[in-house]
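Protein chains: 2
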Amino acid sequence: MKQLNFPPALLTDLQEVDRVVLERASSRSSVVISAAGKYILSSGGKRLRAALALLAAQFGVYRLSDVLHAATSVELIHAASLVHDDLIDEAERRRGAVTVHTRWDHGVALMVGDYLFALAAGEMALAPDPRIITYFSQAVMTICEGELAPVMNVIPFATARNQYYYKIGCKTAALFAAACKAGMASGQGTQEQIDALGSFGYDLGLAFQIIDDILDFIGDEKLLGKPAGSDLRNGTITLPLIYAVAADDDATLAASIDSRDEDHLAWAIAEVQRLGIEPAYATARQHIDLALSHLDIFPDSPARQHLGEIAAFVLEREQ
Amino acid sequence: MKQLNFPPALLTDLQEVDRVVLERASSRSSVVISAAGKYILSSGGKRLRAALALLAAQFGVYRLSDVLHAATSVELIHAASLVHDDLIDEAERRRGAVTVHTRWDHGVALMVGDYLFALAAGEMALAPDPRIITYFSQAVMTICEGELAPVMNVIPFATARNQYYYKIGCKTAALFAAACKAGMASGQGTQEQIDALGSFGYDLGLAFQIIDDILDFIGDEKLLGKPAGSDLRNGTITLPLIYAVAADDDATLAASIDSRDEDHLAWAIAEVQRLGIEPAYATARQHIDLALSHLDIFPDSPARQHLGEIAAFVLEREQ
Chain D
0 MKQLNFPPAL LTDLQEVDRV VLERASSRSS VVISAAGKYI LSSGGKRLRA ALALLAAQFG
60 VYRLSDVLHA ATSVELIHAA SLVHDDLIDE AERRRGAVTV HTRWDHGVAL MVGDYLFALA
120 AGEMALAPDP RIITYFSQAV MTICEGELAP VMNVIPFATA RNQYYYKIGC KTAALFAAAC
180 KAGMASGQGT QEQIDALGSF GYDLGLAFQI IDDILDFIGD EKLLGKPAGS DLRNGTITLP
240 LIYAVAADDD ATLAASIDSR DEDHLAWAIA EVQRLGIEPA YATARQHIDL ALSHLDIFPD
300 SPARQHLGEI AAFVLEREQ
Chain B
0 MKQLNFPPAL LTDLQEVDRV VLERASSRSS VVISAAGKYI LSSGGKRLRA ALALLAAQFG
60 VYRLSDVLHA ATSVELIHAA SLVHDDLIDE AERRRGAVTV HTRWDHGVAL MVGDYLFALA
120 AGEMALAPDP RIITYFSQAV MTICEGELAP VMNVIPFATA RNQYYYKIGC KTAALFAAAC
180 KAGMASGQGT QEQIDALGSF GYDLGLAFQI IDDILDFIGD EKLLGKPAGS DLRNGTITLP
240 LIYAVAADDD ATLAASIDSR DEDHLAWAIA EVQRLGIEPA YATARQHIDL ALSHLDIFPD
300 SPARQHLGEI AAFVLEREQ
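Protein chains in written order, with numbering that gives the first Met the number 0: chain D, 0 to 318; chain B, 0 to 318.
Chain D on its own, in the form it takes in the complex:
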């Protein structure tokens, strides 16, 4: 399987982010908030968003003590939004592990999310550049807007695709972009540099989510912790399905996606695998290329190479 191989110095700094994230999540007075906060924050995430912030800072003046706050904030925000997203979706599991509201209850999940958001706000206040709070608060607002904007129909193609792009732009790409911008601002970048890294993060985030949605159809059930086609079963319309419907000449797939019949679902999943995966991959690849092109304003550097490795990883990952 494709692995991310970061240099030892970056890994050491990511471990420090990890330590600080978990330390921050210890509530002074609530045992359940400490437990549930640590549970979600140590649930096998790759700290990809923190790595983006650290690497973005390396395009400028890199001091871990400066960028640490942006990197910590983005991981706290990410964890909070996962807990609230699972609560809205009533999801029982994430990556194979039971969700916070399943392990505890709805009230705990709601409050732990709020607590982590507030922790993130306090953390951002320590960052060296006040714009960082603006980047992250706007990203959270965007995540909320996207959460309430589902993809409504698989056809017509252009509408479905536009709704899908809006959705994943809000849900995933906005926070990737904010992580990169906050990192570069922590590294004292110019506005042009901050914007370039924001664009890189945004396209990388789009590709990341498209791959996530592809893996939902073709991934290994053991690696993903959920059966193939979960999105289709839950009525969630994603890019592979939109492409498959568009490629399906006799329109039987579009007519059948609300079916709850197991045989029918198995057939629909196979149709998406046959017709929708390849064009979705091609689209993800385009966004990766676009993401990398935003870095052209920077000379070659180890940080730029590592962002390239992350981009390749996003495209080739299996979970």
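The set of hints was computed from the structure by calculation and includes no laboratory data. All values reported here derive from a predicted model rather than from experimental measurement. By construction, the Cβ of each residue, glycine as well, lies at the ideal position given by its N, Cα and C atoms. There could be a bad hint or two in this list.
As the list claims (entries may be wrong) - Label-pair restraints from in silico Cβ distances:
#1 W266(B) x S28(D): 28 to 38 Å
#2 S28(B) x A246(D): 24 to 34 Å
#3 P226(D) x L63(B): 40 to 50 Å
#4 A96(B) x T158(D): 53 to 63 Å
#5 F156(D) x R232(B): 28 to 38 Å
#6 A96(B) x T11(D): 48 to 58 Å
#7 G224(B) x T11(D): 56 to 66 Å
#8 S28(D) x G224(B): 45 to 55 Å
#9 E317(B) x S25(D): 35 to 45 Å
#10 A281(B) x V97(D): 31 to 41 Å
#11 S28(B) x E220(D): 34 to 44 Å
#12 I154(B) x D104(D): 24 to 34 Å
Using the hints, position chain B against chain D.
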């Protein structure tokens, strides 16, 4: 009925806070977030917390453009926490109006709360003193901790009273204190001045919540928008009940509070009215006196007088 009579200049500034709060809540792209955000933000709140921030700033260098951000933030945070509190309690109504999750749905309520918290974070970043973010983010964390710490039992008295104080300190007093501290920090107060106003706000907040809990037993149903004794019906243990149980020699009240029998409930509510209201009022009065004593470090001024009027209003209000 007791009314707050603020001077015209303060009312004008509060109207500006009101305008900014509602303007901020307009989502660029989500109709439902705009609608639900404005709904909760214009649901008859007194902007008491904003008034505290403005008046606190008047002990120092008062510029509306400086303190506006603290005043706006505290109202956004208050609204967000009401929406999430109602969601946890599954409350159908607040002050007679249907709650956000009842009028829309759970997902909308969850996201509108998150959105308002994020708006508040962005707003705080505009404030002139970076400590303001810390005050508010810690207040939000405290609210979350309190939300998950119910008063478990009515006896023994000391335990019940301590749990109740912890609960209302988290739920109400912490944000009152943060509003005062953020106001004074916006007015360039010294640490001693900020701490004094924080202590004023904390004791005022305790009294405010005790009066709220008294009104739940004796208030006018039409003014409150809910029948008398709602807390008892919902199993929520508050100070009037704790005092009534302690004063009830033969312990029948303590044994009966989990009853769902209507006659029994009516009897229990009458017992609380007979035995619990007066000592709870006396306690609220003590906190008001204590709150005012924290202002002794300041010379007499219009701002100090207005805080005195707010304190009197908190004690004498009927809704």
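So, going through the hints one by one against the coordinates:
1. Taking 28 to 38 Å as the suggested C-beta distance range, the pair W266(B) and S28(D) conforms, at roughly 37 Å.
2. Judged by the Cβ atoms, the range 24 to 34 Å given for S28(B) and A246(D) holds: they are separated by roughly 30 Å.
3. Against the hinted window of 40 to 50 Å, the Cβ-Cβ separation of P226(D) and L63(B) comes to about 58 Å, which falls outside the hint.
4. Our hint of 53 to 63 Å for A96(B) and T158(D) is violated, since their Cβ atoms are close to 36 Å apart.
5. Restraint check, F156(D) to R232(B): a C-beta distance of roughly 54 Å breaks the suggested window 28 to 38 Å.
6. Between A96(B) and T11(D), the C-beta spacing of about 54 Å keeps the proposed range 48 to 58 Å intact.
7. Between G224(B) and T11(D) the Cβ separation comes to about 57 Å, which falls inside the hinted range of 56 to 66 Å.
8. Between S28(D) and G224(B) the C-beta distance comes to about 32 Å, which lies outside the given range of 45 to 55 Å.
9. Checked against the hint of 35 to 45 Å, the C-beta distance between E317(B) and S25(D) comes to roughly 43 Å, which is consistent with it.
10. For the hinted restraint 31 to 41 Å between A281(B) and V97(D), the CB-CB distance of approximately 48 Å leaves it violated.
11. The hinted window of 34 to 44 Å between S28(B) and E220(D) holds, with their beta carbons roughly 36 Å apart.
12. At about 26 Å, the beta-carbon gap between I154(B) and D104(D) stays in the expected band of 24 to 34 Å.
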